[in-house]
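K.L.:
Residue numbers (this note's numbering), protein chains in the order written: chain A, 23 to 247; chain B, 16 to 680; chain C, 43 to 518; chain D, 212 to 529.
Please keep in mind that the hints were generated in silico from the structure rather than gathered at the bench. Glycine included, each C-beta is placed from N, C-alpha and C at the ideal position. Mixed in with the good hints there might be a few duds.
Calculated lysine to any residue pairs in the SDA-like style (CA-CA distance at most 25 Å, straight line) [to be verified]:
hint, chain 1, residue 1, chain 2, residue 2
1, B, Lys176, C, Arg393
2, B, Lys176, C, Arg399
3, D, Lys499, D, Thr521
Quick list of the computed label-pair ranges, beta carbon to beta carbon [stated by the list, open to error]:
hint, chain 1, residue 1, chain 2, residue 2, range
4, B, Ala635, D, Ser415, 57 to 63 Å
5, B, Lys176, C, Asn133, 54 to 60 Å
6, B, Arg651, A, Ile225, 36 to 42 Å
7, B, Val608, D, Ser415, 33 to 39 Å
8, B, Val641, C, Leu294, 56 to 62 Å
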Amino acid sequence: MTTIPSVTASPLTIQLLATATGALLLTAVLLLWRRSITGAAGLLGVQGLALAALSLAAATEGEPHLYALAALLALIKGVVIPALVLRTARQLDAATEGSPVVNPATGMLLAAALTTVAFLVGTPVATATARSTGAAVPVGLAVVLIGFLVLATRREALGQIIAFVVVDNGIGATAVLAAGGLPAVIEVGVLFDVLLVVLVLLILTRRIRLGVAVTDISRLNELRD
Amino acid sequence: MNVFQWAVIALVLSFFVATAAAVGAPTPRLRNILAGVAAMALGVSGTATGVAALTGDTTILLLATPLPGMTLSWHATALGGFFAAVSGVVVVICALYGIGYAHGPAASRTGWSAFAAFGLGMQLVPLAGDVVTFLIAWEVMAIGSSVLVLSDHAHRPGVRKAGLWYAVMTHLSFLLLAAGLGIAAASAGSTSFYAIATTPPTGEVAALAFVLALVGFATKAGAVPVHIWLPRAHPEAPSHVSALMSAVMVKMGIYGAMLLTTRLFPNGPSWWALLVLGLGIPSALYGILQASVASDLKRLLAYSTTENVGLILIALAIAMLTRPTRPGISAVALIAVFLLVVSHAAFKTTLFLAAGSILHGTGERDLDRMGGLAVRMPVTAIALAVGSLGAAALPATSGFVAEWSLLQSLIHADSRTDRLTTAILPFVMGVVALTAGLALLTFTKAFGIATLARPRTANAAAAHEGSRSMRLAMLLAAAGVVAVGVIPGVLVRAISPVLPEVARPTAYSAGLVLPGAQASLDPTALALLALAVTLPLVTTGWLLARRVPRQQVAMGWGCGGVRTSPRMQYTATSYAEPLVRIFDDALAPTRDVRVTHAEESRFTVRAMAYSQRVVDVVEARGYAPVVRALTRLGDRGRSLQNGSIHRYLASSFGALLLVLLGVLG
Amino acid sequence: MAVFVWIALGLPVVLAAWSLGAPRAGIVRHLPWIASGVVLLCGLLFLAHPVEGTAALAGMLRVDAFTAYLLFVVGCVAVVATGGALTPTPNGRFSALMCLFLVAMSLAVLADNLGVLWVAIEATTITTAFLVAHGGGRRGLEAAWKYVVLGSVGVAIAFLGIVLLYAATGDTPSLSWADLVTRPELAQTARIGLALAVLGLATKAGLAPMHSWLPDAHSQAPAQVSGLMSGVLLAVAFAGILRFKTISDHVLGAGFMRSLLAIAALLSLAVAATLVLTQRNYKRLLAYSSIEHMGILALGAAIGGQLATAAVLLHILGHGLTKAGLFVVAGRTLHATGSPEIAEVHGLLARSPSLGRSWLLGTAALLGFPPFGLLLTELAIIVAGYQRGMGVVTSVAVLLLLVGFAGISRQILAMTLTRHQEPPSANPEVLAPDPAPAIQRGIVLAAFGAVALIPVVAWPLADVLTAAVTVLGATP
Amino acid sequence: MSDSLVAGLAIALQVLAVTAAAPIVVGVTRQIRARLEGRVGAGVLQPWRDLRKLARKEPLTAEGVILGRALPVALMSVSGLLVALLPLVTTLTLPAVPDDLFVVVSVLLLGSVFIALIGLDAGSAFGGMGSSRHMMVSALVEPTVLVAVYALSIPVGASTLSTILSARMSTPASIVSPVSALALVALLIAVIAETGRLPVDNPSTHLELTMIHEAMVLEASGRDLGWIELASWIRLTGLFGLVANLALPWGIAEQATVGTLGIGVAAIIGKVVVLAGIVAAVEVFLAKVRLFRVPELMAGSFVLGFLAVTASYLTGAS
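Okay, chain A solo, but in the shape it has when bound (with noise of 0.2 Å):
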């Protein structure tokens, strides 16, 4: 395996790796108070396109496979996932979110205790890690974190499909962060699975659409003991 040496950071990766991070993580609260689909499926085209930017900046020795794969990155999480949901969106005309269980006010209170609880959780981990970058891993973590709230709360599939999306942004940036991302073949491999079950899940959607005439999964609860 390739061992990566400590970077030499210039100027500019920093930079472009700050605003990376940050843009993870304003998308990630931001979608906790977007309501409507449409909103959020442009949300997570922008985080997967911070992630993807991310990527490219951590790895800079220029490895030609590192380049494609943040490209791919960039093509299937910003690009190709939003535009299922949106089309899925606008087919089943689900376009307007419910409310969601926890209002945003809440939500919101939540997202920071929960970064609290990602930094109190990332610090020992960046101190562990040699890398530069590894002192921004409580945010990897705290997408993780904000995804999992968003997907407890929202009732709508495709929101949820939406949030199960943001929590993967958030293991890949950790990825990023913590270890300059996984061996390329783990990496695809992961992307792929991802995308199979938004696939998988969109199915559902259109399935449940077609069943159950509403597309809110909170109605769904007949299984019970």
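Given chain A, put chains B, C and D in place with the hints provided.
P.N.:
Below, chains B, C and D alone, put in the same frame as chain A:
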């Protein structure tokens, strides 16, 4: 290959032959014979293993298992040999009885294979050499008996509930034993009994292991308060199976208790003996009280098993209490334990087989619906008589000899040094005496109401005797009761290897000699004396009869005139009425009187219905609340899974946060 | 040897592709159990001549005693589940997804690289999503949605754990399990990484508190699918947990993972025991019994040591076969009586003897009655629990086992034994004869027979288990 | 002659003597009651005359009675055995058959069982009622008897009645000790309950709801009734003889010579007649206790026995 190994091979072989015969035989009739004979072979080989182990054979058989570091082992010990021999003999008698008696589900393929498994389990338990083998044999016994208890599920509504109670209580005993013996094995380093015996745990580890294992064994033995499965499961099982369960399976619990007290933890503190006594006394009193008021014959016999287990535990407790200060008396108490085990096995088998024969002949289990069976079923009546005499511990029966030795140990157990024993002795003496008195009433009622006077129902009037194999089995068992009663010395000499040295009989004598208590009893001489007294009376009676012939009269005294119908005779319920009234706080009978008034005025009564039910108060107050609590827990627990995906995600999210924070610390 | 790895993984994929190509209906029905047969054969081959840790596919996969045993288990349970059950209307997609499901599980078992392990586990979720929804109707969709969302989120947590573990490997990064096990020490983030990985896999293994998807998914899926999932998918995920536990024991000492697994074990046993008491649906009853048995496995893993780990591995095989058989029987009962409610199914023993007997046999095996093997393994775990100083946890577990025993036996007896009719009617409204052909009933009985053989067949199993246990680095 | 043969003869003499004396003892009690109640009374030999009458009358057995013939004879033989075992005329016993505490009580209870079975076999409501009450009383009596005699056996260290008697003869002080006093009173109450005397059961009543002993023998007639009555009288005499001997052991024959046996017979008959007279006299002033107050009486006597035992430990221990 010595006798023990051959016998074990024969045991396992006859098990497979029995199962093959059970499954292979086409008609129930043929299956009864084939599987019955194979089961008798199993019993005989079981007795052979017991006798081999009893006469000093100490071979060890090993069997590998797929798990590394765990091998199953069978170890021939004198104590195990004794119990294997007793169970072997009873298996033979019950299988012989089963040939004629088994019908319907008991004679089905599963019925006979379960019987074979049950027999095998009971033979393997006393021979097991380590904790794991012991518990596996324990479960083989459990599955065999559970299937047999459930065999009549299509005919009576109570069978399924009884089977469930039985299965759960047996599993409770299994898990208690796994915990108790597991703790002991853990502290001794290896699971073999030999290792636990050589390096027994000490302090509170030993106490915890002892208490858990003892309660586990008490559950199987049917001691109060863990006895509630016994009066439910025994009446529902086929009679030859309930005879086997009462006479032998319950004794496996006693074998376990003796294993704990004499082999694994021989010199425990004195509060252990008080714990055993604390299990023994309520079992004896409560068991016989419930038996004396029970009107269902098999339920009566089941509760009498609890009573006898109580007496055995009392004898064991006395043996433990007096071991440090007076070893001689402790040996006498141990002889009493062994005699009680054998005598109960003998007379309880006789009684259950007789009850089975009555059920077969009249289709009745309730004493209130029997009567006059002595004329219609002479052999069964004789068996019931001998069994009842044995159970009431009256002279010339095994019960008398056993209770005599128990009382000898009680009388001579007082010692100046140990204040504790001397203080509780009179109380224990009173309990044993009251139990014997109530047993007298119970079995006079059982024998008198069932066999004497006029039949109370048409079924009883149309009673017919069982088949030949049933009669032979009953007479064999009854002969056992009388044999042990008349020549106990032979039995004590046969089981002498099990007894401690000081109690081993030196001279050969038919009677019972207890060196520890300087007391001896020769029941044969007592019988001869009785005969000597009876002969002149019979001759004078015969002479009088020749001069003044007897005259048959149609009607007994019916206060002048009215034709007394058989239903006016006393029934089992009315016979026990005084006792229900005296011990009503212990029995808590539920009485209710429903009065239907005439329409026109409240003060004229059209009809009145009185019903009284004696329910097992231990179960009503102890177990029913637990069952209700569990069902409430189950219902409330279901709200945990209420179908909302948000609650599920929240629980996963909560777990994630907890782990993150937990790992931080 | 490497070629057989390719056969085990490649052939089912070919069969899946072929079934999509819409061949004659007759063939399509048999493809799933042919694929399972292939996996079983490969497993047997690897077991037959044990080979020490050859890596294939550029070091991503690995065959050693532990993986060989697991592949054998996957094969066995798959043959029973697919062979024993009534295949619904034969369609290519169903068979293809079943074959892909098998491939995903085999990949997860053979994976040495933890990333590949994660991808394979996620693939199992994807392939079974539509199989669960195959039952059709609103409930099928609801079960599928919850299964995919909760499953993927849980596994995502595992992925976060793997990422942190990868970060903890410091300057010589590697995700190969064989390498990580030999590492002298790992950075501090390994603690969080391993904890999250085990928590994530606990979702797929059905351990509480991440178990909520399991009763819905297993009760809605068709018989083979729930048989496969309950029988062996939980076990494959648990094997992943065992792998992470080996790393953690090696690097952080046994204490860390022991407490985590013990808590999970007790929670699972408690949840299963509570919800089994008054359960009304027999498929959900079997699902909760799976949670209970996973709790027992977690307890055995927490106890550690050679005896307990060997017992866990043997318990996986025993429980897999029994549960697959029972789900197949449940499927046939649903087909015969038309309702999954326990209250509406009564007197099976009288109305449909073959079903009734199968239920009683399977439940006897499940509850740990002799002659079935689960008694031996449960007993070994309890004894090992006391021997290795986990007395309190084992005692609580024993109590919960008793409550579970009472609950399960109450419901099964209510279903199989006759509700008393007065007088017992001659023909108690006999059900339609069991539609399954004799061969399928035979397979189910063979499965229960195999479980009964486990404690007796000491010879071949003993060496396999000892080898597998040493691979997992369990000290005696 | 070997000593067991001599003992056998002595015991045979004892059985014959007691059998002969029993009706006279009952005659005396009835005579004393009659005199105290101002009646002339039927004379001391009236019971013998009754027996002779019954022996000649024809026994009637109701339809459905099964053991009508066998049980009375069995009851008589058990009573004979009881008297053979008890140390009345002589303390000599057959070596193999010690008159051990529990053996004597078991034989006593065997008698109770036979008479209860006679009641049940009669097939009428009264027989069942009498038998049920009799068994209840004897069930409650047994603890008292065992504990009382156990208390007496502690100072002696052996539980056979003959050793207890000879020990009491050798140390007269032990007779008046609190232990033996308490034990004797408890034993006396138990014996009164067992033999069906007032206040537990009124022997002379035929009132259906109160009689216990009489109810069981309601159906018996002719020689069956004769056997039963004689057996009950012998039990009464035997038990009263035991209590009398325990109270005043002197006069009982230790060795089997014509002189000592003669004195023994005279002594036992004298003692029993005196005791029976006292009991009869006391009975005149007593009324029958309600049936469900009998358990309290029995509990009281059991406590007396219990106190006797604990007292014996204390005195013994000091």
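K.L.:
All hints are to be evaluated individually against the structure, with a verdict given for each.
P.N.:
Hints, verified against the model:
For the proposed pair lysine 176 (chain B) and arginine 393 (chain C), the alpha carbon gap of about 20 Å is at most 25 Å, so the pair holds. Between lysine 176 (chain B) and arginine 399 (chain C), the direct Cα distance comes to roughly 19 Å. Compliance with the 25 Å bound is thereby established for this hinted pair. Note on lysine 499 (chain D) and threonine 521 (chain D): the hinted pairing is violated, with a Cα-Cα distance of about 31 Å set against a maximum of 25 Å. Between alanine 635 (chain B) and serine 415 (chain D) the beta carbon distance is about 45 Å. The supplied range of 57 to 63 Å is therefore violated.
The supplied range of 54 to 60 Å is broken by lysine 176 (chain B) and asparagine 133 (chain C), whose beta-carbon atoms lie about 46 Å from each other. Here the CB-CB span from arginine 651 (chain B) to isoleucine 225 (chain A) is close to 38 Å, well matched to the stated 36 to 42 Å. Between valine 608 (chain B) and serine 415 (chain D), the C-beta spacing of about 36 Å keeps the proposed range 33 to 39 Å intact. In this structure the supplied range 56 to 62 Å is violated for valine 641 (chain B) paired with leucine 294 (chain C), their Cβ-Cβ distance being about 42 Å.
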